[in-house]
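Got chain C sorted already, so can you dock chain F with the ligands onto it with the hints?
Line by line, the protein sequences give chains C and F.
Each number in the working numbering corresponds to the 1-based position in the first sequence with 7 added.
Each number in the working numbering corresponds to the 1-based position in the second sequence with 133 added.
Since the hints were derived computationally from the structure, they do not count as laboratory data.
Glycine is no exception: its CB is placed at the ideal position from the N, C-alpha and C atoms.
Worth double-checking, as some hints may not be accurate.
[Unchecked claim] Here's a subset of chain F near chain C, in silico, CB distances under 10 Å, partners left out:
hint, residue
1, 143
2, 147
3, 149
4, 246
5, 254
6, 338
[Said to hold, decoys possible] Not the full set, but computed from the structure, chain C residues with beta-carbon under 8 Å of chain F:
hint, residue
7, 155
8, 272
9, 275
10, 278
11, 279
12, 357
13, 363
14, 367
[Stated by the list, open to error] Subject to a maximum C-alpha distance of 25 Å in a straight line, what follows is the list of computed PhoX-like cross-link-like pairs (lysine-lysine):
hint, chain 1, residue 1, chain 2, residue 2
15, C, 102, C, 191
16, F, 374, F, 363
17, C, 275, F, 261
18, F, 261, C, 277
19, C, 355, F, 275
20, F, 324, F, 275
21, F, 275, C, 275
22, C, 275, F, 266
23, F, 275, C, 277
24, C, 355, C, 280
25, C, 119, C, 102
26, C, 277, C, 262
27, F, 275, C, 280
28, C, 21, C, 119
29, C, 225, C, 275
30, F, 374, C, 369
31, F, 275, C, 225
32, C, 355, C, 21
33, C, 102, F, 275
34, C, 262, F, 275
35, F, 261, C, 280
36, C, 325, C, 262
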Amino acid sequence: MIGKDAIRSLKASKSKALFYCLTFYLTSTLMFLFFNMAESATQGKAEIFVTNNMVDLTKYILNGNMGNIMMVFVVVMCSIDIVFTNDFYVRTKAKELAIRLISGATYTQLLKYLLIQTFLMLVVAIPLGVLSGLALIPLINHILIQQGSDFIITIQSFAIVEYISITLFLVFWTTVLNASFAYKNGAVLMLSDNMKTGANKEKLMGFYSSSFTQILAKIFWIFVALLPIIFSNNGTGGIAVFVIAGCVGLDHVLKEILLPLFSTFTRKRKMHKPVVAYANGFLRQDILVSGITFYLLIADVVVLIAMMFTRNDTPLEKMLVWVSFIFIVILQSMAIMFRLETDLSSRKREFQILDQTGFEEKQIRKVMNREITLFYGFVLFITLFYLSAVYIALIRAGLFTVMNAVVITGVLVMALLGVYILTLSFYRNSFVKKAAL
Amino acid sequence: MGEIVLEARHLKKIYNANSLNAYEALHDINIQVEKGEFIGVMGPSGSGKSTFINNISTIDTPTEGKVFINGKNVLAMSANDIGHFRYQNLGFIFQDFNLLDTHTIYENIALPLSLAGVDPAEIETRVKEMAQKMDMTDQLYKLPSECSGGQRQRTAIARALINNPSIIIADEPTGNLDSQNSEELLELFQKLNREDGVTVVMVTHDAFIASYTSRLIFIRDGNITSEIQKGDMDEDEYFQKIVAISSSRKRRSRIS
Ligand SMILES: Nc1ncnc2c1ncn2[C@@H]1O[C@H](COP(=O)(O)OP(=O)(O)OP(=O)(O)O)[C@@H](O)[C@H]1O
Ligand SMILES: [Mg+2]
Numbered sequence: 008m009i010g011k012d013a014i015r016s017l018k019a020s021k022s023k024a025l026f027y028c029l030t031f032y033l034t035s036t037l038m039f040l041f042f043n044m045a046e047s048a049t050q051g052k053a054e055i056f057v058t059n060n061m062v063d064l065t066k067y068i069l070n071g072n073m074g075n076i077m078m079v080f081v082v083v084m085c086s087i088d089i090v091f092t093n094d095f096y097v098r099t100k101a102k103e104l105a106i107r108l109i110s111g112a113t114y115t116q117l118l119k120y121l122l123i124q125t126f127l128m129l130v131v132a133i134p135l136g137v138l139s140g141l142a143l144i145p146l147i148n149h150i151l152i153q154q155g156s157d158f159i160i161t162i163q164s165f166a167i168v169e170y171i172s173i174t175l176f177l178v179f180w181t182t183v184l185n186a187s188f189a190y191k192n193g194a195v196l197m198l199s200d201n202m203k204t205g206a207n208k209e210k211l212m213g214f215y216s217s218s219f220t221q222i223l224a225k226i227f228w229i230f231v232a233l234l235p236i237i238f239s240n241n242g243t244g245g246i247a248v249f250v251i252a253g254c255v256g257l258d259h260v261l262k263e264i265l266l267p268l269f270s271t272f273t274r275k276r277k278m279h280k281p282v283v284a285y286a287n288g289f290l291r292q293d294i295l296v297s298g299i300t301f302y303l304l305i306a307d308v309v310v311l312i313a314m315m316f317t318r319n320d321t322p323l324e325k326m327l328v329w330v331s332f333i334f335i336v337i338l339q340s341m342a343i344m345f346r347l348e349t350d351l352s353s354r355k356r357e358f359q360i361l362d363q364t365g366f367e368e369k370q371i372r373k374v375m376n377r378e379i380t381l382f383y384g385f386v387l388f389i390t391l392f393y394l395s396a397v398y399i400a401l402i403r404a405g406l407f408t409v410m411n412a413v414v415i416t417g418v419l420v421m422a423l424l425g426v427y428i429l430t431l432s433f434y435r436n437s438f439v440k441k442a443a444l
Numbered sequence: 134m135g136e137i138v139l140e141a142r143h144l145k146k147i148y149n150a151n152s153l154n155a156y157e158a159l160h161d162i163n164i165q166v167e168k169g170e171f172i173g174v175m176g177p178s179g180s181g182k183s184t185f186i187n188n189i190s191t192i193d194t195p196t197e198g199k200v201f202i203n204g205k206n207v208l209a210m211s212a213n214d215i216g217h218f219r220y221q222n223l224g225f226i227f228q229d230f231n232l233l234d235t236h237t238i239y240e241n242i243a244l245p246l247s248l249a250g251v252d253p254a255e256i257e258t259r260v261k262e263m264a265q266k267m268d269m270t271d272q273l274y275k276l277p278s279e280c281s282g283g284q285r286q287r288t289a290i291a292r293a294l295i296n297n298p299s300i301i302i303a304d305e306p307t308g309n310l311d312s313q314n315s316e317e318l319l320e321l322f323q324k325l326n327r328e329d330g331v332t333v334v335m336v337t338h339d340a341f342i343a344s345y346t347s348r349l350i351f352i353r354d355g356n357i358t359s360e361i362q363k364g365d366m367d368e369d370e371y372f373q374k375i376v377a378i379s380s381s382r383k384r385r386s387r388i389s
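Okay, chain F solo, but in the shape it has when bound:
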């Protein structure tokens, strides 16, 4: 067994707790993520996927339970330490991008480097390098509102990857990309994952995208209902299995 980089114990999330419209989105989640794993999270809309990855990654605070990242109990950390921790270890790609609309693409991508106090000249080199990788070179001095949905998504990806995080948390990172861009992104994730040992946790709806992962978690109504490990399966086999599980789940949900 490898080193555990991320662990959640008895995680429970209640939105609007102590009020009339309190809603329990996660019930009792337990998960361990090893260094270098590539985890996919699937499940129907509203099942709690975003809630799950936000709560295991310091973006949101669980109502109950514990979260450890790189062995640190993040719920016990001070707000400032969490800030440092985020830009030093984690790269986030949010479902709705979360870009600064008042700032240029360049400034958005540079954010984590700026926080780390990297020298402006080096920031420039790294942002331009990253922009080239993401095919965003011509967009660098535009505002997000002047870019297409896919370009905004690639900006969010660039921002998440620019500080070489050890864990990437991605909520439907391919939602606005065409199939070629999606595959390129997944290949990049896979490369980072295999060559640099970066751990990836990624939400997706797409069985084909999910087939790039090494382990897949299914969430339904706030519970982890099943898991598949790629193990020795080849990609086709893995893909067939994912399709089988997600379609059987679909059929089941139509009947019920």
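Chain C with its partners taken away, still in its complex shape:
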């Protein structure tokens, strides 16, 4: 009974299920590859330590640490993605869950219902991811040999055990947490969409009604958001820390200064242009709900680049960083798109309302284009802004190469371009005009 219902519910949200699988597929590939690489790297260095002198010992310790830091970092980032993905999937089901609860479902039934859905998707995604990882290893080895690497990746049997247990652990607990949240707040959830839209209680007016202390707070957050630029001569490692702090500042600057200003500007200057005015409103909402996902993109990109340049690494470790960089940029871009997609069901209805109040179909399409283009443009702009702090740090340290900058920026632009095109096509399909009047 519960099993059948769960499968039906899964079918009903096909595109969300597809995203879920895709995210897990990519995290699986990356994490599996990563566990193998990290293990191989440590083993390889242990051999160097045995055969060489003391200078290599310090190098081993440093590099060993580097491998460990990378490992922790990538695992943490992938875990965050897994948690988010799982969270989004469950949250889109909030109303359905609430209705089940009100009609008397018990906590265990609810949990079973959710777990069946998530685990069915994992059964598809994880094996595919692991297989892709296995297929990539010979390719990476080939490049490593070309680069003159001392050692190559060997397949570590426990890498897969490590990966799968971490993933299952994360999925299980996020599902349990979501189920218990739904259980506690069932009745309230049924009456509001807040769980889905992330309870956005931002006061959009705030800026003009500020007191002196509020203005001081705003200046403080602007300062925090600009930390990475101000201290860009602090070495690449320091820059990474500053960027993470900067994201916290950015969050405040966006919610307390930029978005309210943007709303006021739209209201005072753009209200006579319906496409601009209402696309701006949607854009504001998109930025509010996707905040965390793109701060993570910024933090990931910056930390990985900082690592890339901090030490004179072996080819294997360089490879480790590049592979992580590319995968994480793709994953994180998908997370951003996924976040927008979660809101699309309610957005569909809003496009219909625009239609009913007199927007032409052409205008609604323009609203969509404008909203999505500006949104991804904004994400790219902010990311490049913080990236420039890193580039400045690299130039000062004499580590900057044009080639690297081009590749890094290129990967970022390509990934965002990809999700931009995908998001746009989802939006287009979401508004189908009822049989022409």
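For chain F with the ligands alone, kept in the frame of chain C given last:
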């Protein structure tokens, strides 16, 4: 006889036509609305009231029949012309409000003015004026999810009235309002109707609310079953008659 602003001929609406669960919600509706009329639509739940007003007002497309608004055959208009036509002539208040949840109350109310390309400064003046009338001044920069049901309903009303429409189409506009707010709204409708000649078509369940109208249409199972004209009756008389008709209909439906 006055000028006819809205006319429907042989209107039929089939939901999910050509499928297994096709459902004929309106059978053969004929109606003429004169300029300056205040029409009430009553009937049991599910009888087709919303379907009726959506189909005579360009919100939905009837399966068969013709609709004329201000002499124009709206079913023959292009989608774009319909868009212009809506924000220039019609003000809608939907049963479930249809507000943009991602936009502030201000932005929701301003929608028709924005579409008409009105200058931002004038939009601001008019929205604030309207907000004051609707007692929504303190809510202007909130999102609908932060407002009460009645406040959302008043937002929907404000949006419908802001562009001074010549026809107001309202589906249970008092559903979420307390009796005082309801009376205020009805008085506003009556004032617009009497002083500015605005035509109103309003669905309601409430006999007292219905007594503000000038003509009342009863719908049952997708047909117009009866009509009362206020004519020379005073409000009490009219109200008594409405109560009599709706309760006799209730009694009949209990027996059958
Ligand atoms: N989109 C739809 N698809 C299929 N059937 C519909 C649809 N909308 C309405 N109906 C059916 O048409 C009939 C009339 O519905 P309508 O919404 O017009 O009723 P109503 O008189 O407004 O009721 P209420 O007073 O409850 O609002 C109902 O039986 C309803 O189930
Ligand atoms: Mg109705």
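May I ask you to test the interface hint for residue 147 of chain F with respect to chain C, counting a Cβ-Cβ separation under 10 Å as satisfied? violated, 12 Å
Closer than 8 Å between Cβ atoms is the bar; does residue 278 of chain C clear it against chain F? Give me holds or violated. Constraint on residue 278 of chain C satisfied, holds at 4 Å.
With the threshold set at 25 Å, check whether the alpha-carbon distance from residue 102 of chain C to residue 275 of chain F stays at or below it. holds, 23 Å
Would you settle whether the hint for residue 363 of chain C is holds or violated, based on the nearest Cβ-Cβ distance to chain F being less than 8 Å? holds, 6 Å
Quickly compare the C-alpha distance for residue 225 of chain C and residue 275 of chain C to 25 Å and report which way the hint goes. holds, 22 Å
Residue 21 of chain C and residue 119 of chain C were given as a pair; does the straight-line alpha-carbon distance stay at or below 25 Å? With Cα atoms ~20 Å apart, residue 21 of chain C and residue 119 of chain C stay inside 25 Å; holds.
Starting from residue 355 of chain C, check that the Cα of residue 275 of chain F is at most 25 Å away, please. holds, 21 Å
Would you check whether residue 338 of chain F satisfies its interface hint, that is, whether its CB is within less than 10 Å of any CB in chain C? violated, 22 Å
Going by Cβ atoms only, is residue 279 of chain C closer than 8 Å to chain F? The hint holds - residue 279 of chain C has a Cβ within 8 Å of chain F, the shortest such distance being about 5 Å.
Proposed proximity, residue 275 of chain C with residue 275 of chain F (alpha carbon, max 25 Å): Roughly 17 Å separates the two Cα atoms, so the pair holds.
Should the hint that residue 357 of chain C touches chain F count as held when the rule is a Cβ pair under 8 Å? Hint on residue 357 of chain C: holds, closest Cβ of chain F at ~5 Å, below 8 Å.
For a C-alpha distance cap of 25 Å, please report whether residue 275 of chain C and residue 261 of chain F respect it. The hint holds at about 13 Å.
The structure shown violates the earlier hints numbered 1, 2, 3, 6, 7, 8, 20, 30 and 36.
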